[in-house]
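Visitor: Sequence:
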Amino acid sequence: MLGPSIPQMHMQTQVHLQRVVPVVSLQRPFVTANQSGHTPKCHLSKQSILTSLAHRRGSVKAEAAGLDEGVTASSGLLGPSTQSQRKSSSPEPAGDVGGVELASEVDMDYSSLRDALQQGDFQQADDLTRAALITLAGPDAEKRNWVYFSEVKFISNTDLQTIDKLWRAASKNRQGFSIQKEMWMQNRKQWTKFFKQIDWTVGEFNNYRKWPQDFIYDMSAAKGHLPLTNALRGTQLFKAILEHPAFEKADSNGSNGSTPDWLK
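Residue numbers for the sequence shown follow numbering that gives the first Met the number 0, so the first one is 0 and each next one is one higher.
Hint data in this document are derived by calculation from the structure and do not stem from the laboratory.
A virtual CB, placed ideally from N, CA and C, is assigned to each residue, including glycine.
There's no promise every hint is true.
Stated by the list, open to error - EDC-like cross-link-like pairs, simulated, lysine to aspartate or glutamate; straight-line CA separation at most 20 angstroms:
id, residue 1, residue 2
1, 171, 217
2, 171, 114
3, 192, 114
Said to hold, decoys possible - Each pair of labels, with its calculated beta carbon distance range:
id, residue 1, residue 2, range
4, 242, 138, 18 to 26 angstroms
5, 204, 100, 39 to 47 angstroms
6, 204, 139, 29 to 37 angstroms
7, 97, 142, 31 to 39 angstroms
8, 122, 202, 16 to 24 angstroms
Construct all of the structure, not just a fragment, from the sequences and the given hints.
Guide: Next up, the structure:
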């Protein structure tokens, strides 16, 4: 009549918390050029990317389906869900990306990324960005399906800048690696403050949002929210991307929020 005893409540709490862990474990290091320093020529086929992403998403959904139904994005451990934070009105349309040159030093085809961003499908664009970085990083990264931080330096400036220009144009100068670089510098490279500002963490204890379902993929997202780079297991990969020579201009030209010279 009075509900479960104290020991029973303790056991239930342990079981609930144990079932939260696999949700976090679904996050993978997202992005790494091969150890020889050579980035091979590559063509990013839209069909191959979408097939790969569909397979990866299916695995995530299958694993997540086995978790307790009570563990959701609105769990008190993570704060309010993404959906509860969305604006009730339709999101602002994406900016025009038609003027961005799809330049590449390795014959990468960025038309799929351009089209997804132009249509405002930021979640697909985030997946395509991740897939592009893996491809640019070389065969070793493709085999493991993620980029190692030491491989980032082998990705060309041109290709990273093309990806960044597309994100900045579509988001009206609110998203992109160079935007994240500016904000990271403004926060004196303090990751906790930076992650809070770009809305990657929630709640009193700054818990990471769950990937992919708890992030925001439209124009209502906080500045610097996209594209995503996994930092759950450390910040070395994200640091390597932000410190890439492609974004060095953000140090001097980005601190006041102005557009870097290479983007003009």
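Visitor: Determine for every hint whether it applies to the structure shown.
Guide: Going down the list of hints, with the structure as the test:
1. Proposed proximity of residue 171 and residue 217 is supported: the alpha carbons are some 12 angstroms apart, at most 20 angstroms.
2. Annotation: proposed proximity of residue 171 to residue 114 holds, straight-line Cα distance about 16 angstroms (limit 20 angstroms).
3. Distance check on the hinted pair: residue 192 and residue 114 sit about 33 angstroms apart at the alpha-carbon level, beyond 20 angstroms; violated.
4. Taken as a hint, the range 18 to 26 angstroms holds for the pair residue 242 and residue 138, whose Cβ atoms sit roughly 24 angstroms apart.
5. Distance hint check: the CB atoms of residue 204 and residue 100 are about 44 angstroms apart, consistent with the given range 39 to 47 angstroms.
6. Take residue 204 and residue 139: their Cβ atoms lie about 36 angstroms apart, and the range 29 to 37 angstroms holds.
7. Checked against the hint of 31 to 39 angstroms, the pair residue 97 and residue 142 passes, with Cβ atoms roughly 35 angstroms apart.
8. A C-beta distance of roughly 23 angstroms is found between residue 122 and residue 202, which places it inside the suggested range of 16 to 24 angstroms.
In this structure, only the earlier hint numbered 3 is contradicted, and the remaining ones agree with it.
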